[in-house]
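**Q** Starting from the known structure of chain R, arrange chain C on it as the hints suggest.
2 protein chains.
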Amino acid sequence: MSSTEAYLLDSIRLAMENVRERNTWPFGAVVVRDGKVLARAVNEVEANCDPSAHAEMQAVRAASRALGKPDLSGCTVYASGYPCSMCLSAMYLAGVKAVYYAYSNEDGEPYDLSAERGYIELARPLAQREMTLAYVRARDEGIDLYEAWREQQRQ
Amino acid sequence: MSSTEAYLLDSIRLAMENVRERNTWPFGAVVVRDGKVLARAVNEVEANCDPSAHAEMQAVRAASRALGKPDLSGCTVYASGYPCSMCLSAMYLAGVKAVYYAYSNEDGEPYDLSAERGYIELARPLAQREMTLAYVRARDEGIDLYEAWREQQRQ
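Residue numbers (the numbering used here), protein chains in the order written: chain R, 1 to 155; chain C, 1 to 155.
The shape of chain R in the complex, shown without the other chains (with noise of 0.2 Å):
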């Protein structure tokens, strides 16, 4: 078994507890970098009340902790299921190199299990969303925001 299959196995076995133990939903995610496991999470959207805490996510910011620091280059991602458009993001964002997945959309969609509604949210034209999303320019008194934040990045 490749080391691939074998942190993905791992993930499956972290979404099977959460299914079995917690009754919830069944998605798990392994951190890995220069071959050591950073971070185990699952998703614990219902324990934490908190719509970000996919199993991807949980595991992006407890690797981020075991790390002190926010950043997660040179980490690789093992997770159960295919990743929503957020923790996709998030591991974008944070510097992983690369996500490995064992259930793919496909293999979710029979169970609705699959991750496509973000991304088809955001594929849509904005007068096509959803979700409003508008632009409305609002500017305080005084030194303007963003040039508030060059100017203290420069001392």
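Be a bit skeptical, because a hint or two may be false.
To be verified - Beta-carbon label-pair distances, calculated as ranges:
{"id": "1", "chain 1": "R", "residue 1": "Glu116", "chain 2": "C", "residue 2": "Arg137", "range": "50 to 56 Å"}
{"id": "2", "chain 1": "C", "residue 1": "Tyr111", "chain 2": "R", "residue 2": "Lys69", "range": "20 to 26 Å"}
{"id": "3", "chain 1": "R", "residue 1": "Ser2", "chain 2": "C", "residue 2": "Gln128", "range": "21 to 27 Å"}
{"id": "4", "chain 1": "R", "residue 1": "Ala134", "chain 2": "C", "residue 2": "Arg137", "range": "38 to 44 Å"}
{"id": "5", "chain 1": "C", "residue 1": "Asp144", "chain 2": "R", "residue 2": "Glu116", "range": "19 to 25 Å"}
{"id": "6", "chain 1": "R", "residue 1": "Ile120", "chain 2": "C", "residue 2": "Tyr135", "range": "17 to 23 Å"}
Hints were generated in silico from the structure; no laboratory data involved. Here the structure is a predicted model, which means the values were calculated and not measured. All C-beta atoms in this analysis are idealised placements derived from N, C-alpha and C, irrespective of residue type, glycine included.
**A** Same frame as chain R, but now just chain C:
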């Protein structure tokens, strides 16, 4: 001044506090439902050592805790800057109905504060992505993970 502008000004003031008092990212967000402010948050990536702790994300999480459920149906988010793909996805998946922002990506571009990166990566064909994303079908012995989940749901 419209209520939209007032909430956006609040998000800008939160962002300014983050710059002035904590010397960090100029982003703030406010979550409102039925005219009531549920959450006010700032970017806490550095404070929390959490790459996902953008202002909108922290606001979504705080609003969910305030409501006691991971469901923000009927909520509106006011963000100082254009939300990144992670936060936009999180808000959409949580059921947020509308998002208004005061600074566009174009406004942020000269300050390197545009949120385009994640969207650009998601729009790339898989083969051209910076972050590898690959399906490696793995299955544990015994009952299938998703079948186990379905069984659990039926009980």
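**Q** Could you work out which of the previously given hints the structure breaks and list their numbers from low to high?
**A** 1
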